[in-house]
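**Student:** Residues per chain, in single letters:
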Amino acid sequence: MNDFLLIFRRDESVDLQMTPEQLTAINKPWQDWMGSLAAQNKLADSGNRLHPDGRVVKPGAIVTDGPYVEVKEAIGGYIVVRAASFDEAAELSKGCPILDTNGTVEVRQILPMAH
Amino acid sequence: MQNHQLLPHLYRTEYRKIIAVLARLFGFEHIQIAEDLTSDTFLLASETWANDKLPPNPTAWLYTVAKNKAKDYLKHNTVFEQKVSQHLRIETARAEELNIDLSEANINDSQLQMMFAICQPIIAVEAQIGLALRILCGFSIDEIADAFLSNKETINKRLFRAKEKLREQQVKIEFPDSKEINKRLEAVLITLYLLFNEGYYSVSSNTNLRKDLCLEAMRLTYLLVENRATDLPQVNALFSLMCFHASRFEARIDKNGEIIIYDEQDSNLWNDELISRGTHYLIRASKGDQLTRYHLEAAIAYWHTQKADSANKWENILQLYNKLLILEYSPMAALNRTYALAKAEGKKKAIIEAEKLTGHLYHSLLGYLYTDVDNDKALEHLQTALKMAKTSAEKTQIRKNIKKLN
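Read top to bottom, the protein sequences are chains A and B.
Heads up, the first sequence is in our numbering, so the first residue is 2 and it goes up one at a time.
Heads up, the second sequence is in our numbering, so the first residue is 365 and it goes up one at a time.
So that you can see chain A by itself, here it is in the shape it has in the complex (with noise of 0.2 Å):
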């Protein structure tokens, strides 16, 4: 078994067109979705939500506005989960709420630091 990070990106545009009502709703497919991953126990890490707001750092103490990646491809959250192949683990993210909302998921594996 091995972890993957599950990167979920967005048209960020999208969610400030939601009401209220609308993102109470989003809740439960996500419930849902990451209650399946962890019924299965391949749920590692719960992960997070991230701020649409952000900032980007660059050579020379260069400090920029906002995340450095077109607004529709922006980064909404993360989670890791126990897969045996990435097969499985982009298997795993089929069943993911963002693709309803037209977003993708990018899987990585990810690699135990050198000691």
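No wet-lab data here; the hints were simulated from the structure.
Built from N, CA and C at the ideal position, the CB exists for glycine as well.
Be aware that one or more of the hints could be misleading.
[As the list claims (entries may be wrong)] Sample of chain A residues facing chain B (criterion: CB under 7 Å; computed from the structure):
id, residue
1, P30
2, Q32
3, M35
4, G36
5, S37
6, A40
7, Q41
8, N42
9, S47
Guided by the hints, dock chain B onto chain A, whose structure is given.
**Tutor:** Relative to the frame of chain A, chain B by itself:
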């Protein structure tokens, strides 16, 4: 109460009080002395009371004898006095002046301190439960062996090793620092939770003993609720959980000692008083921003006390199981989540989820889910489940489910 019943009754209620106070006095280094003195006290009672010559106040008699035995021990055991009394928790020059306080307040304090001393992750959790049953609940070695489906020798060895370990680590019988209390409390709550579960889910057929285990776990948890320093949200949540579970004591076991599953219980037998106590402590647990597994399990148990079977009830239970599993995986929670999903959103959705699970109750669950959806598949899974079943209670339940298919 009949005379011949009185002594066993007092043993159950008073042994733990006397030993807690004496052990606190002697310290864990010499807990054997405290145990011997307490046992001697009851031995003397059984000899002197044999011919119906009961003292007017038997409890007071026991306390007096225990006090005198402790004082005598200190007076006559010069080795002990010279080498060890300097370590005594209570500084005293002369044994006659030693104040052995068997007041209710001191008994409670001593039991709380003993609870923190025993519940240490340095010893295995079964050993913690065993020691708690022996020292904090006054269970005999036979009863502990019965509860664990084990034998006297194994239990004796287990407790002996555990005590030795606590001695080696120089564990003190004292109240933890206020800074440490949350962390130390974690181990105490786990032990009390498992002690309760041991009674509630145990495979032992001795229903009275099982109920006693649950009641003892509740009594000890209540000591924590009553104490200002430990009256914390997670403690109230655990107590609430125990109240809700205990409310179904009468409904969940039939005349033959067999478990009646939740769906088939007569809800008129659920105990309303315990349900409202559970609700009271769940509200008390809601202070602060900490959400522990005890909070989630108590909330799940709360929804189970709602008699009306609505989609809303099971949707709430499903979401609580999601949260519980995200916090901490357990095979039982995984199965229960899938059951709640079937109740909330239908069997078809639940079958897809159940097929992803593993574990020895997996086939039982699928057998239930396929019932009335695909009875051939249901039978197949139930027959596999029957082969894998570990206890006779499980087998009985599976046979019942197979019968329902026809």
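**Student:** Compare the structure with each hint and give your call.
**Tutor:** To see whether the hints hold, each was checked on the structure:
no.: 1; hint: P30; result: violated, 11 Å
no.: 2; hint: Q32; result: holds, 5 Å
no.: 3; hint: M35; result: holds, 5 Å
no.: 4; hint: G36; result: holds, 3 Å
no.: 5; hint: S37; result: holds, 6 Å
no.: 6; hint: A40; result: holds, 4 Å
no.: 7; hint: Q41; result: holds, 5 Å
no.: 8; hint: N42; result: holds, 5 Å
no.: 9; hint: S47; result: holds, 5 Å
The structure shown violates just one earlier hint, number 1.
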